[in-house]
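Using the sequences and the hints given, assemble the complete structure.
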Amino acid sequence: AQKVTQAQTEISVVEKEDVTLDCVYETRDTTYYLFWYKQPPSGELVFLIRRNSFDEQNEISGRYSWNFQKSTSSFNFTITASQVVDSAVYFCALSEAPTTSGTYKYIFGTGTRLKVLA
Amino acid sequence: DSGVTQTPKHLITATGQRVTLRCSPRSGDLSVYWYQQSLDQGLQFLIQYYNGEERAKGNILERFSAQQFPDLHSELNLSSLELGDSALYFCASSASTGMVYGYTFGSGTRLTVV
Numbered sequence: 001a002q003k004v005t006q007a008q009t010e011i012s013v014v015e016k017e018d019v020t021l022d023c024v025y026e027t028r029d030t031t032y033y034l035f036w037y038k039q040p041p042s043g044e045l046v047f048l049i050r051r052n053s054f055d056e057q058n059e060i061s062g063r064y065s066w067n068f069q070k071s072t073s074s075f076n077f078t079i080t081a082s083q084v085v086d087s088a089v090y091f092c093a094l095s096e097a098p099t100t101s102g103t104y105k106y107i108f109g110t111g112t113r114l115k116v117l118a
Numbered sequence: 119d120s121g122v123t124q125t126p127k128h129l130i131t132a133t134g135q136r137v138t139l140r141c142s143p144r145s146g147d148l149s150v151y152w153y154q155q156s157l158d159q160g161l162q163f164l165i166q167y168y169n170g171e172e173r174a175k176g177n178i179l180e181r182f183s184a185q186q187f188p189d190l191h192s193e194l195n196l197s198s199l200e201l202g203d204s205a206l207y208f209c210a211s212s213a214s215t216g217m218v219y220g221y222t223f224g225s226g227t228r229l230t231v232v
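Chains as they are written, first to last, in our numbering: chain A, 1 to 118; chain B, 119 to 232.
Note that these hints are calculated values from the structure, not bench results. Certain hints may be false.
[Said to hold, decoys possible] Result set (DSBU-like, lysine-lysine): computed pairs, CA atoms no more than 35 Å apart in a straight line:
(1) A:K38 x B:K127
(2) A:K16 x A:K38
(3) A:K16 x A:K3
(4) A:K115 x B:K127
(5) B:K175 x A:K38
(6) B:K175 x A:K3
(7) A:K70 x B:K175
Computed from a predicted model, the values in this text were never measured in an experiment.
Take a look at the structure:
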């Protein structure tokens with residue numbers, strides 16, 4: 001069965017520190033997609049990135065970077081030089097190929113609350 | 119503004135009552151998904167509609183129902199409300215399949231049952 005584990009419930013860092021949020025997933029499919037979403041205190045869910053299972057290249061977007069390693073079933077998210085505005089709950093999600101009925105499974109991890117202190 | 123509109127933003131109601139949450143998907147998106155986010159349960163998938171038809175069901179209670187109308191907006195109906203139904207209800211939309219492109223979420227409806 002598919003599963004997404006974000007073992008870190010809450011992380012606190014001081015501004016300008018680097019922080020890595022862990023995401024470990026389980027799936028039997030060879031084709032799947034991984035996502036990260038951010039939920040700031042205002043409550044909305046913001047899409048950050050998607051990665052397909054065939055592309056293990058790491059990605060960098062400004063202060064954000066993602067490390068996808070199929071060998072360890074991990075898709076970790078690093079924020080470099082963290083800022084107070086990065087304070088949010090971050091969710092990792094997994095999407096698998098559609099079933100024979102056309103539906104597909106899309107599940108979220110339980111989230112990691114990041115607090116960046118000034 | 120994500121393009122997904124949810125109304126109302128906040129709702130306070132009493133136990134036993136019925137409420138309707140509304141969602142308008144992003145322009146061009148055919149799929150609508152409903153999620154419940156409570157403090158102790160994280161994000162739980164409730165139900166998906168695609169172009170008016172139910173496509174997938176998650177942990178949706180029998181007291182809850184949803185539908186997607188011809189104009190693609192969706193409504194989530196919650197009846198016989200209990201205190202435990204207090205949560206943030208998100209609607210999300212996607213193109214034909216959210217598998218590839220992920221979802222666009224609305225800002226949520228915060229339901230408080232008293």
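Tested hints:
{"no.": "1", "hint": "A:K38 x B:K127", "verdict": "holds (19 Å)"}
{"no.": "2", "hint": "A:K16 x A:K38", "verdict": "holds (19 Å)"}
{"no.": "3", "hint": "A:K16 x A:K3", "verdict": "holds (32 Å)"}
{"no.": "4", "hint": "A:K115 x B:K127", "verdict": "holds (25 Å)"}
{"no.": "5", "hint": "B:K175 x A:K38", "verdict": "holds (24 Å)"}
{"no.": "6", "hint": "B:K175 x A:K3", "verdict": "holds (17 Å)"}
{"no.": "7", "hint": "A:K70 x B:K175", "verdict": "holds (29 Å)"}
In this structure, none of the earlier numbered hints is contradicted; all agree with it.
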